[in-house]
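A.B. asks: Taken in order, the sequence shown gives residues 221 to 618; the numbers are from the numbering used here.
Please keep in mind that the hints were generated in silico from the structure rather than gathered at the bench. Model, not experiment: these values are computed from the prediction. Heads up, the beta-carbon is just placed ideally off N, CA and C, and yes, glycines get one too. Check before you lean on any hint, since a few could be wrong.
Label pairs and their in silico Cβ distance ranges [claimed, not checked]:
| # | residue 1 | residue 2 | range |
| --- | --- | --- | --- |
| 1 | A392 | D270 | 42 to 52 Å |
| 2 | E300 | R435 | 43 to 53 Å |
| 3 | D270 | S474 | 25 to 35 Å |
| 4 | G276 | P234 | 11 to 21 Å |
| 5 | R355 | T313 | 53 to 63 Å |
| 6 | A244 | G578 | 21 to 31 Å |
| 7 | Y533 | Q286 | 37 to 47 Å |
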Amino acid sequence: MSNDTKKSTGRPVPRDKENNYTEATAKTRREFVEDVSNTRLNHLAHYSVDPAETAGNIENFIGVAQVPIGLAGPLLIDGEHAQGEFYVPLATTEGSLVASYNRGMRLLRESGGVKVSVVDDAMQRAPVFIFEDARQARDFGVWIDENFPTIKTEAENTTRSGSLRNIEQYAAARMRYLRFNYTTGDAAGQNMVGKATSAACEWIALNYPHPGMQRYLLSGAMDTDKKHSQLNTLHTRGKRVIAEVTIADSVMQSVLGISTEMIYKMRQVTHVGSFMAGSNNNGVHSPNALAAMFIACGQDVANIAESSAAISYFDLDAEGNYYVSITIPSLIVATYGGGTGLPTQKECLELLGCYGTGKVNKFAEIVAATVLAGDLSLSGAMLAGDWVSSHDKLGRNR
Numbered sequence: 221m222s223n224d225t226k227k228s229t230g231r232p233v234p235r236d237k238e239n240n241y242t243e244a245t246a247k248t249r250r251e252f253v254e255d256v257s258n259t260r261l262n263h264l265a266h267y268s269v270d271p272a273e274t275a276g277n278i279e280n281f282i283g284v285a286q287v288p289i290g291l292a293g294p295l296l297i298d299g300e301h302a303q304g305e306f307y308v309p310l311a312t313t314e315g316s317l318v319a320s321y322n323r324g325m326r327l328l329r330e331s332g333g334v335k336v337s338v339v340d341d342a343m344q345r346a347p348v349f350i351f352e353d354a355r356q357a358r359d360f361g362v363w364i365d366e367n368f369p370t371i372k373t374e375a376e377n378t379t380r381s382g383s384l385r386n387i388e389q390y391a392a393a394r395m396r397y398l399r400f401n402y403t404t405g406d407a408a409g410q411n412m413v414g415k416a417t418s419a420a421c422e423w424i425a426l427n428y429p430h431p432g433m434q435r436y437l438l439s440g441a442m443d444t445d446k447k448h449s450q451l452n453t454l455h456t457r458g459k460r461v462i463a464e465v466t467i468a469d470s471v472m473q474s475v476l477g478i479s480t481e482m483i484y485k486m487r488q489v490t491h492v493g494s495f496m497a498g499s500n501n502n503g504v505h506s507p508n509a510l511a512a513m514f515i516a517c518g519q520d521v522a523n524i525a526e527s528s529a530a531i532s533y534f535d536l537d538a539e540g541n542y543y544v545s546i547t548i549p550s551l552i553v554a555t556y557g558g559g560t561g562l563p564t565q566k567e568c569l570e571l572l573g574c575y576g577t578g579k580v581n582k583f584a585e586i587v588a589a590t591v592l593a594g595d596l597s598l599s600g601a602m603l604a605g606d607w608v609s610s611h612d613k614l615g616r617n618r
């Protein structure tokens, strides 16, 4: 039977109500889907993970997706949390990607390393309160400001590591949108801030003394979960990280085969293209590094939607030294919780010295430095004419 004539059974996926995370239940589900799809699963079942370890990370476990991981480095970083040389695991199926990042890291190393700074930290939940009219909504905003200390206490009673930093307010029609900003320790924190904000909103709904409040929604969509927004670029979501380096012309020519003046002029042209396209990123290709590191290190890959935004800036001094920086305004990463504790993901974080509590800023600095390495390398490849030839050489299955 071909795949386009699969059996139509209407049967639900097998589950064990007592313990759904065993090898036996995983095997049962594999056999079930093999039967209904007339497909043999020869590779999904080969893994070293104990199915019990996936509880809380996935439902109806049947196996693993084996994505190749390559190693790039050393990456020399002068950060406030990440200092020294790092070898970076990159999970990808794109040939030439690891080689390109490796070359960019060499350029950064020969320039004395990349300076990286985490300059802001905020994770949001953004409820909206709806009133009878705009004046009531405006007065509610005043009351929120006056009662912030109590709201903060109610929110923080739900979490050990989350802290409510401030509440932004936005008015439209008869609604008042509140953007709760938290720090979340070493977790990415979306679930954490959702729970905290829910508790705060319940207290607000019970204690707001004036009539007119009709209802509230826990999210009015101004937190833009798993979506890019200009608001995040301006106000930060996750970590705001800046990686920067100054590269001498002789080093640029030695490693990338181009002059600093060439790359400076090329970036002026590409910035115009980014502007005309309405891109959320005037850099080169930061999502390549983000996706590869997120998959290897157990991050929520959907957060690339927010994390892909970037602001690239460059300058050329009278001596031909090329200054370049990349600002990632909404980098959402974690070193604790979520998928970071799964076996292979934990190993990748450990080889960076980034697993566990107190390590998230270090990891954020390594990610940003890796992004800058890739942007520089690809810029050089486009100018030197070896972008296509590199993919032809390294990016084709043989």
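A.B. asks: Hint by hint, say whether it matches the structure.
C.D. replies: How the hints compare with the structure:
no.	hint	result
1	A392 / D270: 42 to 52 Å	holds (50 Å)
2	E300 / R435: 43 to 53 Å	holds (44 Å)
3	D270 / S474: 25 to 35 Å	violated (49 Å)
4	G276 / P234: 11 to 21 Å	holds (20 Å)
5	R355 / T313: 53 to 63 Å	holds (56 Å)
6	A244 / G578: 21 to 31 Å	violated (38 Å)
7	Y533 / Q286: 37 to 47 Å	holds (39 Å)
Hint compliance for this structure: hints 3, 6 are broken, all remaining hints hold.
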